[in-house]
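Colleague: Chain residues, written in single-letter form:
There are 2 protein chains.
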Amino acid sequence: MIGATVRSGLRPSQRIFQRPLIQPQISRIRLYSTDQPPHAKVRRSIFHRSLTVAKYTGYAGLSAIFGLFVLGAGILAHDAFTYNDRHVERVPINPLALHPERGGPKNLPVVKVQVDDEDDEEMKRLAEKPRLVIIGGGWGAMGVLQTLYPGHYHVTVVSAETFTTFTPLLPSAAVGTVQVRSLIEPLRKIVARLRGHFVAGKAVDISMADRLLEVEIVNTRGVKERVYVPYDKLVIAVGSTSSTHGVPGLEHCFQLKTIADAQQIRRRIMDNFELASLPTTCAEERERLLSFVVCGGGPTGVETAAEIYDFCQEDIMNYFPKACRADVSIHVIQSREHILNTYSEAISKYAEAKFERDGVHLITNARVSAVTPNHVIYTVRKEDGTIEQHSIPTNFTLWSTGIAMNPFAKRLTDLLPNQVHRKAIEVDAHLRVKGAPLGDIYAIGDCATIETAIVPHFMELVDEADKDKNGKIDFTEWEVMVEGIKKKIPMASNHISKVRELFELYDTDADNSLSLNELVRLLEDLGNKITALPATAQVASQQGKYIGRNLNKLSRQQAGLEARGLSDVQEHKATDSAPFIYHHLGMLAYIGNAAVFDIGDFAFTGGLAAMYAWRSIYWNEQVSARTRALLMIDWIIRGVWGRDLSRL
Amino acid sequence: MIGATVRSGLRPSQRIFQRPLIQPQISRIRLYSTDQPPHAKVRRSIFHRSLTVAKYTGYAGLSAIFGLFVLGAGILAHDAFTYNDRHVERVPINPLALHPERGGPKNLPVVKVQVDDEDDEEMKRLAEKPRLVIIGGGWGAMGVLQTLYPGHYHVTVVSAETFTTFTPLLPSAAVGTVQVRSLIEPLRKIVARLRGHFVAGKAVDISMADRLLEVEIVNTRGVKERVYVPYDKLVIAVGSTSSTHGVPGLEHCFQLKTIADAQQIRRRIMDNFELASLPTTCAEERERLLSFVVCGGGPTGVETAAEIYDFCQEDIMNYFPKACRADVSIHVIQSREHILNTYSEAISKYAEAKFERDGVHLITNARVSAVTPNHVIYTVRKEDGTIEQHSIPTNFTLWSTGIAMNPFAKRLTDLLPNQVHRKAIEVDAHLRVKGAPLGDIYAIGDCATIETAIVPHFMELVDEADKDKNGKIDFTEWEVMVEGIKKKIPMASNHISKVRELFELYDTDADNSLSLNELVRLLEDLGNKITALPATAQVASQQGKYIGRNLNKLSRQQAGLEARGLSDVQEHKATDSAPFIYHHLGMLAYIGNAAVFDIGDFAFTGGLAAMYAWRSIYWNEQVSARTRALLMIDWIIRGVWGRDLSRL
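As given, the protein sequences belong to chains V and A, one line each in that order.
Heads up, the first sequence is in full-length UniProt numbering, so the first residue is 1 and it goes up one at a time.
Heads up, the second sequence is in full-length UniProt numbering, so the first residue is 1 and it goes up one at a time.
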């Protein structure tokens with residue numbers, strides 16, 4: 001029977017559905033044979049029990065079908081109402097929206113009025129509110145947009161992509177475990193809650209003195225045009241690009257940061273398999289085509305390698321020539337000693353053991369020195385210190401090692417003299433961009449880093465703490481200063497919890513007070529101990545929500561101030577009270593039918609159960625019910641029919 | 001309340017879910033007021049009845065949830081089994097598969113052995129069977145592949161696209177009502193049932209004497225290579241391209257024949273709306289961007305226009321500036337007097353009235369004379385015979401008027417001297433390509449046309465019928481000839497049903513017999529009356545199934561002949577008994593929340609109900625349960641959350 005199903009070309013997974021039809025019969029024949037073995041009774045009860053189970057499963061199935069039918073009817077009835085014959089009359093458009101005035105340092109059109117600012121009464125009222133401009137449509141921007149109350153700001157989102165992407169599942173989308181459309185939600189639908197505006201463009205420059213953001217728009221003839229979008233508050237959430245580490249040939253690599261990347265990767269993977277099965281492809285070329293190289297052993301790299309492995313095991317195996325499956329090789333090149341090195345050690349070990357078992361080739365302590373169209377060349381540092389050079393023939397290289405600054409972030413830091421960080425925009429504890437007009441510009445997510453150096457605040461801290469102005473800090477004054485430090489650099493809190501020990505450690509002359517020299521040394525060491533927040537979705541999302549809450553608070557305060565006839569000069573004082581604090585909720589990663597979690601002090605690794613936990617966590621994080629439903633459907637579809645093998 | 005929901009940015013369709021929460025309360029207040037109106041009792045019973053309905057809906061909902069839960073658990077349990085740790089050992093590959101011998105007229109590699117021919121015992125046995133090569137992956141190819149019994153042929157499918165497409169829903173996919181991935185099924189999964197092979201390449205030439213098909217393959221370096229794929233039976237199902245009618249500028253038009261076309265159209269539509277909402281776009285340009293022109297009033301053109309209209313009404317309306325919705329214009333340019341002119345008149349009228357109501361601009365009796373990047377220029381013939389020239393500014397033009405020959409079909413007809421048809425390969429009543437070695441090559445679908453001329457068979461028919469060899473056909477002989485005609489040109493059957501009338505009509509000298517001159521005139525007139533089969537999915541599918549059944553029969557006969565030690569010289573006689581007969585099952589089209597059917601003599605037009613009927617017919621036609629599930633899900637998702645607005 002099984003031979004027959006194989007012959008008829010069914011996927012082995014489909015056979016499961018056929019079994020119940022045949023097996024009960026067979027068991028009955030065995031059960032009632034004349035020479036019953038001693039354990040027949042036990043078997044029989046198992047048989048009966050399974051009959052009962054089957055009966056109830058049947059009931060469940062029936063009620064499922066009935067329920068689904070009713071549900072379906074309801075949905076179709078609802079469907080009928082979504083078709084409509086509404087007609088739109090010509091709407092009034094402010095002439096300024098059609099022919100914007102020019103201005104600003106570069107004399108570009110200034111978008112003071114949007115096309116839809118006079119669409120209805122609500123829009124007209126919002127047009128009077130402070131202009132909040134958000135650059136980017138990722139996790140940070142989502143955090144802000146989902147936290148803001150409607151009605152308080154004239155919101156404009158500027159982003160080249162018209163949708164927000166659920167980035168953690170991009171590796172899944174890259175092999176088709178989930179569809180790309182299940183990971184995205186149109187930004188227009190999200191801004192609609194705030195009756196905000198969306199501009200499909202790229203922020204390229206800024207004039208902070210005039211509060212004008214310069215946006216590049218590709219017009220209908222494909223020509224790039226620039227306009228100014230005025231702002232009162234600006235939130236920069238532009239994300240980051242991949243770090244090149246100065247490696248030549250990265251143009252031959254894929255990245256995995258956007259939906260377009262995932263689509264390209266999927267196409268290339270299918271291309272490689274189709275080419276490998278062509279009659280003209282020689283054995284050597286087939287091996288090169290089916291060699292997948294991932295540079296970087298962080299979560300993205302590891303998950304992509306795991307997804308490619310899954311895809312080969314579950315789908316390629318069933319429908320491509322066996323030679324294709326046999327020739328597949330997956331390589332992960334990691335510069336550190338372990339993969340997933342930001343996770344706990346148990347997790348790294350688990351992932352490495354899993355890859356070892358699956359035959360995924362792990363190359364640690366290695367540096368990629370060049371990428372060519374056909375090879376990845378890397379060097380490995382041996383334990384005796386010698387360096388060996390290797391090369392892997394490949395037609396697929398993923399580059400996912402670290403982040404670098406986005407061009408707009410770079411431009412902004414160039415404009416501000418006190419921005420010296422190489423990889424991100426430095427912000428203060430309230431996520432306000434350092435050096436920009438206070439309270440005007442915020443930066444969040446991958447493009448921002450919260451300052452960790454305390455020394456620049458030295459004079460201020462001393463001024464505040466040194467009550468007797470004797471140029472020395474005694475222990476009481478030190479306690480005051482500790483509070484000041486915690487406020488300014490909240491991330492230092494963990495490192496100055498032992499107030500007395502720290503004081504005594506740095507009071508080298510033991511005069512029961514810290515001289516300014518001793519203090520500088522203390523603050524320097526302290527600053528060095530603080531590690532920056534990782535560039536993760538979690539951090540960006542929390543920062544976005546923080547900004548959203550602050551903006552809500554601000555608009556309430558503003559309303560109060562206006563009621564009392566006051567202006568907003570003191571706004572930055574008002575929000576000074578609560579700096580941003582990051583709450584680490586754990587990390588997770590998918591490693592081929594298994595998942596790993598690192599939640600606080602608790603690390604958890606495991607197989608299918610963990611994978612489902614991993615899925616459910618991501619499922620909860622979705623921005624909309626739509627993507628949640630789509631994701632669930634994708635997972636079910638994959639379970640039942642496997643991944644789509646079409647090269648699209 | 002409704003004002004509030006609108007303000008909070010919900011789509012109007014979502015409001016439906018909120019109503020039941022509020023309305024029963026309101027009705028109760030009205031119902032129990034002191035001055036009950038006379039019809040209060042009726043209202044009350046409606047209220048109670050609706051409560052009962054609500055109760056049962058609640059039960060249904062609960063059982064749905066329970067059922068779904070059990071279903072979900074089952075699927076997840078099943079899911080667990082789809083992950084596997086199977087490993088593939090190096091498989092033996094025939095050296096001939098790796099280094100194919102060269103041969104044929106152009107001395108190219110001949111793929112005698114495929115890479116997976118020795119994957120297992122079944123494959124090895126199939127490698128000995130007659131080689132059936134199918135070119136194309138559309139409706140015709142599907143018909144063959146789904147009808148063939150496994151185990152009788154060594155099947156190879158040659159197609160540049162790796163999947164088959166459900167073409168009738170391409171207009172839906174072009175605006176995102178359904179997802180493109182829901183319309184496709186990988187060819188590898190379909191060939192898997194027959195343990196066949198798939199070659200991702202394009203047929204470019206053929207050597208009929210050597211039975212070698214020349215296939216162009218794009219190799220790993222993007223270079224085009226050619227190989228010979230040997231065949232014993234060849235089925236040509238390459239489809240058609242769009243007819244240009246010699247109009248200049250068609251490179252600025254979209255077509256809608258493939259998934260890639262649908263994706264490009266969707267991108268362009270979203271592009272147009274995004275560009276139209278940009279602050280830099282002037283009013284004139286916005287109108288051009290939002291003007292959609294469809295050239296061709298056949299089903300594809302009409303359905304695409306209807307889908308674009310739906311998309312604007314249901315999705316654009318809710319999330320784009322009102323100015324965008326107000327400026328949308330949709331134009332359909334048709335060369336005939338009516339759209340859907342192959343359908344019954346009632347249907348054309350209904351569709352035209354619907355478009356009229358929706359404000360879709362219908363331009364009939366018009367010819368497109370040129371397309372520029374920004375305009376469509378067309379001429380209209382007035383009733384008084386004068387010709388007017390008009391032009392519509394647009395950024396989207398769809399070209400869907402008629403079909404033309406695919407390059408491979410062209411090449412084949414050039415090789416065969418008796419192939420004179422301009423638009424397709426001429427085949428006989430058994431779909432065998434005219435002039436090719438008999439029984440070797442079949443052509444089906446859009447690329448083929450069944451011969452309708454009877455005169456070329458004149459001598460044969462007379463020989464067969466003129467028993468007394470007197471050079472005249474009397475009525476008894478005429479009856480024999482009619483049977484002969486029905487066999488050779490089955491499509492003539494309807495036109496020669498009145499045997500006696502026809503005989504008397506053409507027996508001009510009333511000598512109770514037809515002279516050869518009279519006969520030629522009769523057969524000529526008869527041939528002209530027969531109309532060729534339309535280039536539809538239905539015809540292609542039926543032809544494919546016919547070929548599949550014939551090939552099955554042939555392989556059984558072959559096995560019988562071999563058992564009796566005979567060769568296959570007589571095979572074309574064996575299948576001569578039953579020519580292909582087309583059974584018209586009706587035509588249908590979607591026209592914006594409404595559908596039209598033309599089933600035999602019965603024409604049916606209507607709104608939502610017809611639309612659901614339309615959906616269910618297409619749903620039944622799906623090639624796999626997977627695409628069926630995906631389509632249903634797409635329709636539900638659209639009903640609940642609308643179409644995705646992301647520009648991807």
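Since the hints were made in silico from the structure, they are not lab data.
There's no promise every hint is true.
Which copy is meant is left open, so a pair is good if it fits within one copy or across any two.
Subject to a maximum C-alpha distance of 20 Å in a straight line, what follows is the list of computed SDA-like cross-link-like pairs (lysine to any residue) [as the list claims (entries may be wrong)]:
1. Lys-224 to Tyr-506
2. Lys-124 to Gly-439
3. Lys-467 to Asn-107
4. Lys-224 to Asp-271
5. Lys-224 to Ala-160
6. Lys-529 to Ala-465
7. Lys-434 to Ile-599
8. Lys-224 to Ala-404
Colleague: Hint by hint, note whether the structure agrees.
Modeller: Quick rundown of the hints versus the structure:
Taking identical chains as interchangeable, the C-alpha atoms of Lys-224 and Tyr-506 are never at most 20 Å apart, the minima being 58 Å within one chain and 73 Å between chains. For the identical chains of this complex, Lys-124 and Gly-439 are neighbours neither inside a copy (26 Å) nor across copies (75 Å), given an alpha-carbon limit of 20 Å. Taking CA atoms no more than 20 Å apart as the test, Lys-467 paired with Asn-107 passes in neither setting, with 52 Å inside one copy and 97 Å between copies. Taking the shortest Cα distances, Lys-224 and Asp-271 sit within 20 Å of each other only across copies (15 Å), while inside one copy they are farther apart (33 Å).
In this assembly of identical chains, the alpha carbons of Lys-224 and Ala-160 lie at most 20 Å apart only when taken from the same copy (13 Å versus 36 Å across copies). Proximity of Lys-529 to Ala-465 under the C-alpha cut-off of 20 Å is found in neither arrangement, the shortest distances being 23 Å within a copy and 105 Å between copies. Proximity of Lys-434 to Ile-599 under the C-alpha cut-off of 20 Å is found in neither arrangement, the shortest distances being 32 Å within a copy and 73 Å between copies. Taking the shortest Cα distances, Lys-224 and Ala-404 never come within 20 Å of each other, neither inside one copy (25 Å) nor across copies (39 Å).
Checked against the numbered hints given earlier, this structure breaks hints 1, 2, 3, 6, 7, 8; the rest are met.
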